[in-house]
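Based on the sequences and whatever the hints tell you, model everything.
What follows is the residue order along each chain.
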Amino acid sequence: MEHYNMNLNLKVWRQKNSKTRGEFKMYRVENISSEMSFLEMFDVLNERLIAEGDEPIAFDHDCREGICGMCSMYINGKPHGPWQGNTTCQLHMRAFKDGDTIVVEPWRSNAFPVIKDLVVDRTAFDRIIQAGGYISVNTGNAVDGNALPINKDKADASFAAAMCIGCGACVAACKNSSAMLFLSAKVSHLALLPQGEPERNSRVLSMVAQMDKEGFGSCTNTGACEATCPKEISISYIAKLNQEYLCASLTAE
Amino acid sequence: MLESKIPAGNLESKWTDYKGHCKLVNPANKRKLEVIVVGTGLAGASAAATLGELGYKVKAFCFQDSPRRAHSIAAQGGINAAKNYQNDGDSVFRLFYDTVKGGDYRAREANVHRLAEVSANIIDQCVAQGVPFAREYGGLLSNRSFGGTQVQRTFYAAGQTGQQLLIGAYQALERQVALGNVKMYNRHEMLEVVTIDGKAVGIIARDLISGKLQRHFGNAVLLCTGGYGNVFYLSTNAMGSNVTAAWKAHKAGALFANPCFTQIHPTCIPVSGDHQSKLTLMSESLRNDGRIWVPKNQGDNRKPNEIPESERDYYLERRYPAFGNLVPRDVASRAAKERCDAGFGVGTSKQAVYLDYASAIERYGKIEITKHGREVEDASSAEIITLGKQVVKEKYGNLFDMYEKITGENPYEVPMRIYPAVHYTMGGLWVDYELMTSVKGMYCLGEANFSDHGANRLGASALMQGLADGYFVIPYTIGNYLADEIYSKPISTDHEAFVNAEKEVGDRIRTLMNIKGNTSVETFHKRLGKIMWDKCGMARNEKGLQEAIVEIQQLRKEFWNDVRIPGDIDEFNPELDKAGRVADFLELGELMCKDALLRKESCGGHFREESQTEEGEALRNDAEFMYVAAWEFEGESNWKLHKEALEYEVIKPTQRNYK
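Those protein sequence lines, which keep their order, are chains A and B.
Residue numbers for the first sequence follow the working numbering, so the first one is 1 and each next one is one higher.
Residue numbers for the second sequence follow the working numbering, so the first one is 1001 and each next one is one higher.
Be aware that one or more of the hints could be misleading.
[Unchecked claim] The following label-pair restraints were derived from C-beta to C-beta distances:
| hint | chain 1 | residue 1 | chain 2 | residue 2 | range |
| --- | --- | --- | --- | --- | --- |
| 1 | B | G1635 | A | G215 | 51 to 61 Å |
| 2 | B | Q1553 | A | S136 | 30 to 40 Å |
| 3 | A | D156 | B | R1374 | 24 to 34 Å |
| 4 | B | S1310 | A | E52 | 52 to 62 Å |
| 5 | B | V1650 | A | P194 | 38 to 48 Å |
| 6 | B | E1309 | A | N221 | 52 to 62 Å |
| 7 | A | D156 | B | A1028 | 43 to 53 Å |
| 8 | A | N146 | B | E1558 | 50 to 60 Å |
| 9 | A | T222 | B | P1490 | 49 to 59 Å |
| 10 | A | P194 | B | D1274 | 45 to 55 Å |
[Said to hold, decoys possible] Result set (DSSO-like, lysine-lysine): computed pairs, CA atoms no more than 30 Å apart in a straight line:
| hint | chain 1 | residue 1 | chain 2 | residue 2 |
| --- | --- | --- | --- | --- |
| 11 | B | K1578 | A | K11 |
| 12 | B | K1393 | A | K78 |
| 13 | A | K25 | B | K1526 |
| 14 | A | K97 | B | K1350 |
| 15 | B | K1578 | A | K19 |
| 16 | B | K1057 | A | K213 |
| 17 | A | K19 | B | K1212 |
| 18 | A | K19 | B | K1516 |
| 19 | B | K1516 | B | K1199 |
| 20 | A | K16 | B | K1212 |
| 21 | A | K19 | B | K1503 |
Calculated directly from the structure, the hints in this document are not laboratory data.
Backbone N, C-alpha and C define an ideal beta-carbon position, used for all residues, glycine too.
Have a look at this one:
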């Protein structure tokens, strides 16, 4: 792969805190290597801002290997930027060329208020999990791991749903700010396993109720969530969620 | 001072006897006892959830925006357990033995044996929680092998085992939050431990959004705050991983043990330039099928695929025929460094070796052909390779994708380039058998403590230890302490100990903010990292370590005179958070060098150039260094050494041999 350097114009959302209005500001960065990650490019910019006596741009990030789900930038109108199945931290600058203008915003959703600049509050997701995204088993209660054989296809499908990193890109991508892909991934992960069976109905009802309470919008099946999900969680899990919800509603006491 | 509290009796029955005789707390009293858990990785989340289930009042803290983000999530390869599902001769004893040997005989026998004993329960617990481990077609759990062992005891969920285990623990934790047993504090950082008469009674935490300091009382404090690999700046740790909580505990009286024991992981993506902010690991599981090599000729600039088989040096297979590519991490790392230092490195930096999947792809492809009843001879090589790639994709697909995203190269076609990087720290706060530090009422779990991995950790054992400590050890051992705490009244956070601790934290933050110098926090961190990597990294010697100590002292002085922290105290200010952490790394780094200087032997990840065999293998000195070095803080640049002798009753330490 050929390496190259580039100069870029960045249009970045700046907002002091949740109570003040934000605005876009322009920054120019020079001699950015194509081998850098997108966040390393922000590191370079922030170092310069600090040296110039400005405030660096706040953004969430931690593992920088695409798994913790902390990074959350909206890049050129797409959560996590242009690459398919990718997080912002794994986006590398070879995705861009010299002279490009890049627009960077925080996730936009009423349920994810901005804390500062590009940092948003995603605790709504934790509260949805609290509503039932678990299997109620206290430590020490378990039987032998192999006592319960699980069909490999089902186990694999459960795993594919469990890969969700809870980043919120699905919400950010959705015109309705729906959290259905996130929710469906958790409901499917647990509903596909025999361990999840006892709480199957109560789980889905309670988690959906919490999702609505948090102010996420409705799903209108546009598929933007699936297209943007860094773990490529399939929209078919939303169908699964609807099925689970319907069954649970019909059989509820 | 160092009372390890290892129970008497046979090794095999110590833990059972302990559990049968430790004190219990009745359910009504548990409701009155408060426990603070700092950190929500595998150790912290599992401990907080389990203690909540038991009925204690728990407060859990993490600096990330959600407990699910803790860096345990990034562990890829797997978790060990002595299940012997593969019928290949595994047992509790073998897991215990491999771990002690892998740690180069610098771990406590009793702790490691307990770890091996509870390992099987961990798998059961995680399965019950719905952790989607990899399974065979019969529906049963699948295993793979890892470095330093000859059995298949590693359970996994593709290359995301840490993520799946952490999500399991996180969900258990959130369930306790929902039940009101645990109160969760996201985006909070512990900045001081509060003690009264040498006993931990709480912490001072900072709300990272508002910048406000808070006082929290606890009958016990659990530090589950991970390792300190970021002292090297470049490591496989998350950007936020830090030593601050453990360091505050250390300065409040907790001894810090074996700080120089650092694990350098052999298979990481090499550094690409000065902009590099972190290093990415490629799971050790890749060494199951991948073959590591360098060209036989120095400075060979041909593309890897143009170098014929006869001109490749599969140096691990050559040097260690018995374990081959699956030697333990410390051995594999040093072997890579040796080849690169000798001029055989590859890539533009020449600081890399190849990890090649070509022969694995071919081997798997051939197996796939024969699965369909055909003869290998009847299949075209293109078909074999296509089928082989599919198998490799199923096993390691996410890792290969990650490699491609970072490097822009396709590892199915071109061998990966890898180089060792700082990954894990075996050292940490000294704890006794009950996981209590030398401060009463303060415990330390998971990577943050020193206890189970000696001088080198085997792959897939970090997840095991974190969950063992949280799910199965602390719930018993903490009761032994809290049973007496029921007689202590809760201490008001208006107590002068809390007031003074909060004032100290506030003063320190104001001092940092008021320096208003010219150099960014990041610059200091990078400079510290370079000193540590060059002089206290994969190979260490007396002269280098002495120089490093002086350089770190100078750098620390410069930091406190010239650091520039933008923004304000009372707001969301990541630069300020980072400054506090780097300030602590600047103290820890010195202690690591001091510890490395003292230990004039090579063992595990600690390689002193002065102490090696003729073949360049690490040479231990059991006569002089068969002890845990536990350091007591006595003031700036001033530590007192305490030694805990290691006694091996069951295992006879020998020169480690993987040949």
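Hints versus structure:
no.	hint	result
1	B/G1635 <-> A/G215: 51 to 61 Å	holds, 53 Å
2	B/Q1553 <-> A/S136: 30 to 40 Å	violated, 54 Å
3	A/D156 <-> B/R1374: 24 to 34 Å	holds, 26 Å
4	B/S1310 <-> A/E52: 52 to 62 Å	holds, 57 Å
5	B/V1650 <-> A/P194: 38 to 48 Å	holds, 40 Å
6	B/E1309 <-> A/N221: 52 to 62 Å	holds, 54 Å
7	A/D156 <-> B/A1028: 43 to 53 Å	holds, 46 Å
8	A/N146 <-> B/E1558: 50 to 60 Å	holds, 58 Å
9	A/T222 <-> B/P1490: 49 to 59 Å	holds, 54 Å
10	A/P194 <-> B/D1274: 45 to 55 Å	holds, 52 Å
11	B/K1578 <-> A/K11	holds, 26 Å
12	B/K1393 <-> A/K78	holds, 28 Å
13	A/K25 <-> B/K1526	holds, 29 Å
14	A/K97 <-> B/K1350	holds, 28 Å
15	B/K1578 <-> A/K19	holds, 25 Å
16	B/K1057 <-> A/K213	holds, 27 Å
17	A/K19 <-> B/K1212	holds, 17 Å
18	A/K19 <-> B/K1516	holds, 27 Å
19	B/K1516 <-> B/K1199	violated, 37 Å
20	A/K16 <-> B/K1212	holds, 17 Å
21	A/K19 <-> B/K1503	holds, 29 Å
The structure fails to meet hints 2 and 19 from the earlier list, while all remaining hints are met.
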